[in-house]
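Since the structure of chain A is provided, determine the placement of chain B on it from the hints.
Protein chains: 2
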Amino acid sequence: MSKKVNEIGITVKKDEDFSEWFTQLMKKAELADVRYNLKGFPVYMPWAVRSIRKITRMWEEELEARGHEPLLMPLLIPESNFHKEADHVEGFTPEVFWVTHGGDKEFEERLALRPTSETALYDMYGKWIQTYRDLPFKRYQSVSVFRHETKMTRPFMRTREIHWTESHNVFATEEEAYKDAVENLEITEKLLYGKLAIPHIFFKRPQWDKFPGAINTFAADVLLDSGKVLQLPSSHMISQAFSKAFDVTYKDADEQEKLAWITCYGPAHSRNYGALITFHGDDKGLVLPWDVAPEHIVIVPLIFKGKEDVVLEKATEIKKQLVDAGYTVRLDDRDNFSPGYKFNEWEMKGMPIRIVVGPKDIENNQVELFRRDLGTKEFVPLSDLQKTVDSIRDSFTDNLRDKADKIIADKTVDGKTEREIIAALDSGKMIRTCFCSTDLDGEACATKVEKELGGEVRGEKFNTKEELFCDCPICGKKANHVVYIAKSH
Amino acid sequence: MSKKVNEIGITVKKDEDFSEWFTQLMKKAELADVRYNLKGFPVYMPWAVRSIRKITRMWEEELEARGHEPLLMPLLIPESNFHKEADHVEGFTPEVFWVTHGGDKEFEERLALRPTSETALYDMYGKWIQTYRDLPFKRYQSVSVFRHETKMTRPFMRTREIHWTESHNVFATEEEAYKDAVENLEITEKLLYGKLAIPHIFFKRPQWDKFPGAINTFAADVLLDSGKVLQLPSSHMISQAFSKAFDVTYKDADEQEKLAWITCYGPAHSRNYGALITFHGDDKGLVLPWDVAPEHIVIVPLIFKGKEDVVLEKATEIKKQLVDAGYTVRLDDRDNFSPGYKFNEWEMKGMPIRIVVGPKDIENNQVELFRRDLGTKEFVPLSDLQKTVDSIRDSFTDNLRDKADKIIADKTVDGKTEREIIAALDSGKMIRTCFCSTDLDGEACATKVEKELGGEVRGEKFNTKEELFCDCPICGKKANHVVYIAKSH
Numbered sequence: 073m074s075k076k077v078n079e080i081g082i083t084v085k086k087d088e089d090f091s092e093w094f095t096q097l098m099k100k101a102e103l104a105d106v107r108y109n110l111k112g113f114p115v116y117m118p119w120a121v122r123s124i125r126k127i128t129r130m131w132e133e134e135l136e137a138r139g140h141e142p143l144l145m146p147l148l149i150p151e152s153n154f155h156k157e158a159d160h161v162e163g164f165t166p167e168v169f170w171v172t173h174g175g176d177k178e179f180e181e182r183l184a185l186r187p188t189s190e191t192a193l194y195d196m197y198g199k200w201i202q203t204y205r206d207l208p209f210k211r212y213q214s215v216s217v218f219r220h221e222t223k224m225t226r227p228f229m230r231t232r233e234i235h236w237t238e239s240h241n242v243f244a245t246e247e248e249a250y251k252d253a254v255e256n257l258e259i260t261e262k263l264l265y266g267k268l269a270i271p272h273i274f275f276k277r278p279q280w281d282k283f284p285g286a287i288n289t290f291a292a293d294v295l296l297d298s299g300k301v302l303q304l305p306s307s308h309m310i311s312q313a314f315s316k317a318f319d320v321t322y323k324d325a326d327e328q329e330k331l332a333w334i335t336c337y338g339p340a341h342s343r344n345y346g347a348l349i350t351f352h353g354d355d356k357g358l359v360l361p362w363d364v365a366p367e368h369i370v371i372v373p374l375i376f377k378g379k380e381d382v383v384l385e386k387a388t389e390i391k392k393q394l395v396d397a398g399y400t401v402r403l404d405d406r407d408n409f410s411p412g413y414k415f416n417e418w419e420m421k422g423m424p425i426r427i428v429v430g431p432k433d434i435e436n437n438q439v440e441l442f443r444r445d446l447g448t449k450e451f452v453p454l455s456d457l458q459k460t461v462d463s464i465r466d467s468f469t470d471n472l473r474d475k476a477d478k479i480i481a482d483k484t485v486d487g488k489t490e491r492e493i494i495a496a497l498d499s500g501k502m503i504r505t506c507f508c509s510t511d512l513d514g515e516a517c518a519t520k521v522e523k524e525l526g527g528e529v530r531g532e533k534f535n536t537k538e539e540l541f542c543d544c545p546i547c548g549k550k551a552n553h554v555v556y557i558a559k560s561h
Numbered sequence: 073m074s075k076k077v078n079e080i081g082i083t084v085k086k087d088e089d090f091s092e093w094f095t096q097l098m099k100k101a102e103l104a105d106v107r108y109n110l111k112g113f114p115v116y117m118p119w120a121v122r123s124i125r126k127i128t129r130m131w132e133e134e135l136e137a138r139g140h141e142p143l144l145m146p147l148l149i150p151e152s153n154f155h156k157e158a159d160h161v162e163g164f165t166p167e168v169f170w171v172t173h174g175g176d177k178e179f180e181e182r183l184a185l186r187p188t189s190e191t192a193l194y195d196m197y198g199k200w201i202q203t204y205r206d207l208p209f210k211r212y213q214s215v216s217v218f219r220h221e222t223k224m225t226r227p228f229m230r231t232r233e234i235h236w237t238e239s240h241n242v243f244a245t246e247e248e249a250y251k252d253a254v255e256n257l258e259i260t261e262k263l264l265y266g267k268l269a270i271p272h273i274f275f276k277r278p279q280w281d282k283f284p285g286a287i288n289t290f291a292a293d294v295l296l297d298s299g300k301v302l303q304l305p306s307s308h309m310i311s312q313a314f315s316k317a318f319d320v321t322y323k324d325a326d327e328q329e330k331l332a333w334i335t336c337y338g339p340a341h342s343r344n345y346g347a348l349i350t351f352h353g354d355d356k357g358l359v360l361p362w363d364v365a366p367e368h369i370v371i372v373p374l375i376f377k378g379k380e381d382v383v384l385e386k387a388t389e390i391k392k393q394l395v396d397a398g399y400t401v402r403l404d405d406r407d408n409f410s411p412g413y414k415f416n417e418w419e420m421k422g423m424p425i426r427i428v429v430g431p432k433d434i435e436n437n438q439v440e441l442f443r444r445d446l447g448t449k450e451f452v453p454l455s456d457l458q459k460t461v462d463s464i465r466d467s468f469t470d471n472l473r474d475k476a477d478k479i480i481a482d483k484t485v486d487g488k489t490e491r492e493i494i495a496a497l498d499s500g501k502m503i504r505t506c507f508c509s510t511d512l513d514g515e516a517c518a519t520k521v522e523k524e525l526g527g528e529v530r531g532e533k534f535n536t537k538e539e540l541f542c543d544c545p546i547c548g549k550k551a552n553h554v555v556y557i558a559k560s561h
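Residue numbers (the working numbering), protein chains in the order written: chain A, 73 to 561; chain B, 73 to 561.
Pulled out of the complex, with its shape left as it was, chain A reads as follows (with noise of 0.2 Å):
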């Protein structure tokens, strides 16, 4: 039995081998299997499946609060509806995967699997939408999208199947829009921040890197362990040449048709698993904030020959007591695993808490408790237990965000000098800096951080005026925005 306790755990530590740590944990934990027969596309373990659909109901919810109507579009787009936005096809092409044959059947079209929806809902929208009373018009689905990612893939950080949430909302003028934006940006700090305790900046992008077809971009960048920044939920104003192209437009109280004002949202659960496994993830394996833990609470009984019954008893009330006060709870009372095996399974797999009940416990009328965000132990009297676990349960998400908040803190530094900046990216730090133009006035100095420095200018603070402290260190000029700079993923 000893061996297989010393299997389980992971035999490199995160911060020394990151890529090695990952690839063990997606084992360990039962997370993914990459033995699937096709590249960038991992099957997803029942572990991080059901995370993953706490996550999507999540973002559901909120976008229904807010009013936002779910709805299926199909997953496969005629290539001539792409055709109507010039840059939006630019964009996409490149990675889209195309079904060619029904059965034996060459169609006289290809088909591409959605790689994003915008060319196949907004044909629909102009079918839909008519009058201002129609408006404001906000829909969304939770699918799967597909991109044949040339990059290295990695299960739940970049791969070619994206489990993800889209929305695409309709408005008469730019101001609702952008109110809009405003909006997926609050809902993306309530629930990656609040309820998967991950830090993160929500960026405007400057005008060289947008979303193909869009007048702005905005997304949401996390700073990883391995010292390179993720881009986790966009949302994109989209440029009036979709409306056009797709006649969605609509006739004003005025009785003017007037061309509509549209936005798009793109939470991606996948990879935002990816990033908090990732973030919160540690030398013993996952912590998972409370809200996405699959279950809360794991009771091991401690047998011990003659005494098996009334331990089993004993844990089976304690569950019974737990799960009608709303907590899922697992009794694990397999027979072939000891105990330190059943231990280091349920650290790996991030279970919130853990219960030990032994002979000697139920004589003292307490439990022995572990919780994974802090790693301490304790005995409980049985009488507290309830208490203790509510109080856990209040605090648990926040002590992750905590420790979260205070790694990231160190992790971002002022830069006035290519040379500040070269420093702080070899030390894995996001720079904050001053920057000639985010227009693309801007681009030839944003190509000498990425050919020269080797980062990658990610934007402005969406939504935020910061003040301006020196010169665009790259060309020299004045400077009009302030920037930050990281490697990214």
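One should not assume that every hint holds.
A pair holds if it fits inside one copy or across any two, identical chains being indistinguishable in the list.
[Claimed, not checked] Okay, derived cross-link-like pairs now, DSS-like style, lysine-lysine, Cα gap no bigger than 27 Å in a straight line: (1) K199 <-> K356; (2) K300 <-> K475; (3) K210 <-> K111; (4) K323 <-> K100; (5) K210 <-> K126.
To be clear, the hints were calculated from the coordinates, so they are not data collected in a lab.
Frame of chain A; chain B shown alone:
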């Protein structure tokens, strides 16, 4: 306003022109839009999606309560996986959608959009399942599947993209696998009949009508108003040729390596929804079983000049009371539609309960309450309102089921001769008869039934022994099975 009121109704009777009734229902209840520019791929609208989501979760919860866990398999399946099992490839490839390119790059091997996931999943099962301790192994996923149907398509009922749950389960013995098929019958009964109120028969299909690669197929058939049966959830005993092809073996307690037994079960939720709206719908529109309705109660305030505030205030108060009691309630206070328009709209959408509040009602401390299952109206004292709503909730689905049972009872008849079978088929009925054989020996008679009588042998009742009452009406030989014949969709 009156013009709109008239416009909203369905202009044909369901039992006179079913096809036109269905088309108008799609549009007027806002369930599906067939104007998307790809045949067989309708867009599903919020009111339908919210019900399909409820149906999906019903099945998921039931499966999880019985030990099935969720996973997510990739959409794409390499062609070589299909070729591992000969019957399966022959059965499915004629209707597979093939992906051939990613961007400009042509793949060396074509990739299938999953028509069903056996050939993807069992390849993983072969890797995951090692010993008898791993069994039973029960997994499911809720995803879309794709079949290039050549028959005429219709939203929900027959489409090229199907939203379903597929459960795939591995057992040590044939006996356990068969028990699982029985369990699938129980789930189908509990949900399809209990919650969706759809009377159906769970058949064991004849040997000539099995799922490609199965040794037995069991499936629920429902007889619709069209006089044709529609196949709803099916369950298959997968042949051990599959276990062999994908190496799904386990080391038994006796140290011997053995081939596992596999079952699968596939409730198609979009199709279940199609069946239920067809079955329960009437000339005024949708009628939805209680647990499928996206919302339960609409409150329509009767606004008269000078009394707006008092009416809206009372309506809001009633809404709050019912929401607090756990109901999903909509206050329809749109000012640009007449009460009559709203009544028709919510009847069309199958809202179970409508509550009308006017100034007179407030004076009398009452509301007018309409229930969609019985089509009756009554005045209810405010003090009795919640009790009345509770009682409607508790009897609503039962009423629909009783009505459905009565319709079906008249539509299944015994037949002993070809002439009786033809007459029954012509009047849209299902015929119970005796048959020479449901093994391949009987296929010639079945072909005659199909070609000359215009019906299809759907199979024997699963897990039920029925007494023989005649010889085979086709060949005149001694019958060995009681089977059912019907026209099929």
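Hints, one by one, checked against the model:
Taking the shortest Cα distances, K199 and K356 sit within 27 Å of each other only across copies (25 Å), while inside one copy they are farther apart (54 Å). In this assembly of identical chains, K300 and K475 lie within 27 Å of each other by CA distance solely inside one copy; the values are 19 Å within and 63 Å between copies. Only between protomers do K210 and K111 lie at most 27 Å apart by alpha-carbon distance; the minimum there is 26 Å, versus 35 Å within a single protomer. With identical chains, the CA atoms of K323 and K100 are at most 27 Å apart between copies only, with a shortest distance of 22 Å across copies and 58 Å within one.
Taking the shortest Cα distances, K210 and K126 sit within 27 Å of each other both inside one copy (22 Å) and across copies (21 Å).
Hint check: no violations occur; every hint is consistent with the structure.
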